[in-house]
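Asker: On the provided structure of chain A, position chain B as indicated by the hints.
Number of protein chains: 2
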Amino acid sequence: MTSLDNGRNPIDDFVAVVPAGGVGSRLWPLSQPHRPKFLIDLLGTGRTLIQETVARLAPLTESTLVVTGVRHADAVAQQVPSLPASALLTEPSPRDSMAAIALAAAVIEQRHGERIMGSFAADHVIPDGEEFRTTVRTAVEAARTGKVVTLGIAPTGPSSAFGYIKAGQALADAPGAFAVEAFTEKPDEATAARMLTAGGYTWNAGMFVVSTSVLLGHLARLQPTLEAGVREIAAAWDSADRDTVVERVWPTLTKIAIDHAIAEPVAAAGGVATVPGSFAWHDVGDFDSLAQLLTADASGTITMGRDAAVDAVAADGAVVIGGTKPVAVVGIDDAVVVETEEAILVTTRAQAQKVKDVSL
Amino acid sequence: MTSLDNGRNPIDDFVAVVPAGGVGSRLWPLSQPHRPKFLIDLLGTGRTLIQETVARLAPLTESTLVVTGVRHADAVAQQVPSLPASALLTEPSPRDSMAAIALAAAVIEQRHGERIMGSFAADHVIPDGEEFRTTVRTAVEAARTGKVVTLGIAPTGPSSAFGYIKAGQALADAPGAFAVEAFTEKPDEATAARMLTAGGYTWNAGMFVVSTSVLLGHLARLQPTLEAGVREIAAAWDSADRDTVVERVWPTLTKIAIDHAIAEPVAAAGGVATVPGSFAWHDVGDFDSLAQLLTADASGTITMGRDAAVDAVAADGAVVIGGTKPVAVVGIDDAVVVETEEAILVTTRAQAQKVKDVSL
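The listed protein sequences correspond, in order, to chains A and B.
Taking numbering that gives the first Met the number 0, the leading residue of the first sequence gets 0, the next gets one more, and so forth.
Taking numbering that gives the first Met the number 0, the leading residue of the second sequence gets 0, the next gets one more, and so forth.
There may be inaccurate statements among the hints.
[What the hints assert, rightly or not] Stretches of chain A that chain B covers, calculated by requiring three or more beta carbons in the stretch to come under 8 Å of a beta carbon on chain B:
id, region
1, 310 to 322
2, 342 to 350
[Claimed, not checked] Below are the DSS-like pairs computed for lysine-lysine, each with C-alpha atoms no more than 30 Å apart in a straight line:
id, chain 1, residue 1, chain 2, residue 2
3, A, Lys355, A, Lys254
4, B, Lys353, A, Lys353
5, A, Lys355, B, Lys324
6, B, Lys324, A, Lys324
7, A, Lys324, B, Lys355
8, A, Lys324, B, Lys353
9, B, Lys324, A, Lys353
10, B, Lys353, B, Lys324
FYI, nobody ran anything at the bench for these hints, they're computed from the structure.
The C-beta atom is built at its ideal place from N, Cα and C for all residues, glycine as well.
So here's chain A without its partners, still in its complex pose:
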């Protein structure tokens, strides 16, 4: 071990990378293209999801990079004032997750040489930071053995919303880590139920820990032009040439998800490990899943981010979010009413998935 790990101190050679992308279109009008999910205080805690994410990682490292789109760079800088300007990697245009993460890895190597990096989305909800960090520390040690290490989330049910990780043998040289036999695309619910019965499956939350040189090594082999491109950009990143090089090279990078570029082929070759975590984890995708994380008042109504009164008449389990006006819900069970400065949404918890189809 290169870090003095008493479970409290930062890990010297560990860099956290926070990809901050994705609108959260089923959470409209709370989230919108100009105000994506990671920039909002989704749970009414007083902190936005990216603020929570950066704070959750802070005890692990003194070095966190955020990778985000040019449109949101200012908002991220404003919301996370602790972030040095150099720690904000701005993508001029979206080129999928592999380019974003590879750029971070290449910039880290360019600046510091090899490091262990961990990638954690900016918009996930993880209530127990301590348990999360314990899992990451285990994953960092496993990554030192040369593996790509994914965090496995303990399933709370046969969800069809996530991909699954199939764990195999425990790894002798990495306590708490297991070989990954395969990644599974989002299954239907029946298949998911069979997987949970069979055992050994965890949810794939897209969180992984890996040495920068291991990651870039896999990339050089599997997506060589992409690897060459991010290396070229990284070499110019902290120089006066950055804009010129980015402008020339970035648009040429292969658009591919890291799952397809690295995780799946490397797993097939035995190069991926998983560390199962026992921390609660929520990818709050719509108002139904959001409501599950909020507490109802004595009348059974859930409110969040608002002070004005709610009256529910013959309407059980109403969810009323945001806004400044009194709201009455009459005769619709599990209604969801969301008011922002820009718009009003009316739906039900059961129909909340369809909010992504709103075009206003």
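Answerer: Showing chain B alone in chain A's frame:
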């Protein structure tokens, strides 16, 4: 006939009385105690219901009185600037319909001597004013025979929301008028259906035409203290003593509906006639009945009183009223969304009756 009735000229000795009361609590938050139904532009025509009512009566008479509560007198005067101050009879407190109408009758007699008066609520919707006025003209002539004449509304279905008028023999001396055999309280739907099958029944919309002396004569016999009270108030109405007398006498007036005070007992004695009208008539009580009067756009959505966009996703027949923000309705058929400056209502057309139970 004392009037030269070519169907166009005002009727010389006819005075229209417009009782303007009732909140319309199932139309919250459009209607509220401080902004009752008759003061709102319910159909988005650009005119409020009381403005429509006064305009509808104008071709019949040069003399219209509005009876309203003290709280709404200023708003009525503002909305109906053609109304002279003397034509606005202000009730200091609500004492039911008999006191309001008897006061109007007594003030008319005090000012002008006997007149034919017609009473028409301020918050009904009657799209065809011409047909309505033709019916009123017929009723005025019938009232000259000494009858209390009610207008009968042609039923459009077996509604349980209205009382019914049972017509008997045609009156020989009053063309187009029929004796009233009885008034029926709101029936259940099955009873209403039997009544429509039997024939001879019309809806009682509370619109009636009667000579002031006939009305006050019935009142003197049936409710003598009430008659004496309104006579005393009327004698002082256009004098410096009005406030003193009103303050002393008004609170003592019997609280009773005109149906029970006059219509029912006089009908039992053969003194009531009815003139069936063929004009469309709507007592728009809730957002379901309001929606029936509005026109859907090409997508099936009904909007009123708003410019901002509406998007209905998997939501047929959405009704969106008022407000300035874009509204999305997702997955709720026949949803009703109403936004005012003060509040937001979310319900469905089928549940719209329960809006009266909102307490915000």
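Asker: Now look at each hint and say whether the structure bears it out.
Answerer: Hint-by-hint comparison with the structure:
1. 310 to 322: The restraint on the region 310 to 322 of chain A holds, since 4 of its residues have a Cβ under 8 Å from chain B and three suffice.
2. 342 to 350: holds (count 8)
3. Lys355(A) - Lys254(A): holds (23 Å)
4. Lys353(B) - Lys353(A): Between Lys353(B) and Lys353(A) the Cα gap is close to 27 Å, so the pair holds against 30 Å.
5. Lys355(A) - Lys324(B): Cα-Cα ~19 Å, so holds.
6. Lys324(B) - Lys324(A): Distance ~13 Å between Lys324(B) and Lys324(A) Cα, so the pair holds.
7. Lys324(A) - Lys355(B): holds (19 Å)
8. Lys324(A) - Lys353(B): holds (20 Å)
9. Lys324(B) - Lys353(A): holds (20 Å)
10. Lys353(B) - Lys324(B): holds (25 Å)
In this structure, every one of the numbered hints holds.
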